Amino acid sequence: MSLAAYQDAFAQALFLDPEDADPRVAHLAAQPAFAVYRNTVMKGCIDALEANFPAVTRLVGEEWFREAARRYVTSQLPREPWLLTYGATFPAFLSEYSSAVGMPWLAEVARLDRLWTCVHTAPDDAALHAGALALDPASLARARLSPHPAARWAWFDGAPIYTIWRRNREQDADASQIDWHGEGALITRPTGAVQWTELEESACHFLNACGLGLTVLQAMEAALEVDPDVDLRALVSRLIEAGAFSALTTPTEVTA
Amino acid sequence: MNQKPTAGLGLKPRHFEQALECRAAGLWFEVHPENYVVDGGPRLAWLTQIRERHPVSLHGVSLSLAADAPPDAGLLRRLRALADRIEPFMVSEHLAWSTWRGAYRPDLLPFPRTSEALARICANVSASQDALGRRLAIENPSHYLRIDGHEWGEIDFLAELARRTGCGLLLDVNNVFVSAANLGFDPRTYIDAFPCAPLMEIHLAGHSRDPAMGDKLLIDSHDAPVAESVWALHSRLVARTGPRPTLIERDDHLPEFDVLLDERERAHDALRELAKAA
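Protein sequence lines, in the order shown, are assigned to chains B and V.
Numbering follows this note's numbering, with no gaps: position 243 of the first sequence is 243.
Numbering follows this note's numbering, with no gaps: position 141 of the second sequence is 141.
These are calculated hints, taken from the structure and not from any lab test.
Heads up, a few of these hints could be off.
[What the hints assert, rightly or not] Simulated DEER-style distance windows between Cβ atoms:
#1 V/23 x B/211: 16 to 22 Å
#2 V/208 x B/211: 47 to 53 Å
#3 B/173 x V/42: 31 to 37 Å
#4 B/232 x V/14: 40 to 46 Å
#5 B/134 x V/48: 29 to 35 Å
Predicted model only: the values in this text are computed from it and were never measured.
From the three backbone atoms N, C-alpha and C, an ideal C-beta is built for every residue, glycine too.
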């Protein structure tokens, strides 16, 4: 038997009952010690998912989580040879799986856990300081704000996903009633550690526009569209303070 | 910190502060590079800080050198970037496979030691050494299964791998003990026959009995202190080979840093005595 044929059969047997293993590795799958490999592979994947989705785990309990994770692992082994970022498609998997058990919003909580991992492992860059905005209004309007490589944000229509996520991520004992309305979240890494804050819909739209490479004026218009009363100055200061941007490019620099 | 690395410890996030501050002579730290293949962020900053004060070894677990396929190019690129940043004094991997047909299975999987496998692993080790710009030390695995179709004994296989690729070897003494118990051979014979010249590093760890099979199956669990029988094999090994950097591995049931440091001190003392005697 070639090495490749052996590896095909062995890899398959890790997820089969011993009696269903390919005849070429049947003598291995039949040994009780084969379970060591079967268990190590499964446990390694499930432990990684639990580490990468702590808010989901706390919300549903370890037993429920590990069963969901086991099903996910069976359908989707890590595609990269490391576990640090395993689970990119776990939120999508949960949206199907958890709907079936009456928790349709669970996938969105998983999305925030996933964004946390993205922020944690993103490239380093200096965060933009408020002083950078000291331009004449006309130049500022035409300038572009670049989102920081370690900034992620999301708006959740109609459900308080941020509060649910935050309480579980922070292991907050607060179990008071949550108002059921849409919420946004901003996750950043301005000084090394990952941090998070609630974001209103106008601010999410502002960041979306910046992410598309639009001008500050266009981003402001996007924010005003969802909230005509928004305090734009306060909105921008708050985003800068949270480390949401890495650069401000003025029109002269663009043409230079 | 300017002394030659003697005995080292696996680096655990929980022990970061103490690891950073510790000034024990000859102390070094080993990490799995797969936990640091990130673009940036606190993890990498943390390892960089440790490296400013201590020698660091990168001990890979997922290059899948024994797979009948080239190692993952993306992983090699990231490992190279990490190695260039950290400047490890040692880079090691395992005689095992884990990634196959694009999917990673987090374990060190066994294979029949055939001439075909040897040729493939030699090609993979050479490609990895070229990509990393560094010599690799390849570790002997723990064995749980009786595998049909071996054409080579493990020591001959490793020695030939080292001869053909110029790689070094990492001898995990606990793996020898566990494999000897599970497959029924004398660990002393293995230790005595292991080639001296390519030996670059030694691993020591604790093992445990399988919950279902008890004494019939020992597991390389890294969840207990190094067993006395494993310490005895270590003494026997280094008496013949001379001192080599020796790592105490501990992953589960993690005790306080000082407890690990005491265990590490025992290996350090043994290595220092040998160095003095030489």
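TODO: Starting from the range 47 to 53 Å, see whether the pair residue 208 of chain V and residue 211 of chain B falls in it by beta-carbon distance.
DONE: holds, 50 Å
Open item on the list: I want to verify a distance hint. Is the separation of the beta carbons of residue 23 of chain V and residue 211 of chain B within 16 to 22 Å?
Closed with: The hint (16 to 22 Å, Cβ to Cβ) is violated, given that residue 23 of chain V and residue 211 of chain B are roughly 47 Å apart.
Open item on the list: A range of 40 to 46 Å was offered for this pair. Does it hold for the Cβ distance of residue 232 of chain B and residue 14 of chain V?
Closed with: holds, 44 Å
- [ ] Could you say whether the range 31 to 37 Å given as a hint is met by the Cβ separation of residue 173 of chain B and residue 42 of chain V?
- [x] violated, 26 Å
Task: Assessment of proposed distance window 29 to 35 Å (beta carbons of residue 134 of chain B, residue 48 of chain V) - done: Given range 29 to 35 Å: holds, Cβ gap about 34 Å.
The structure fails to meet hints 1, 3 from the earlier list, while all remaining hints are met.
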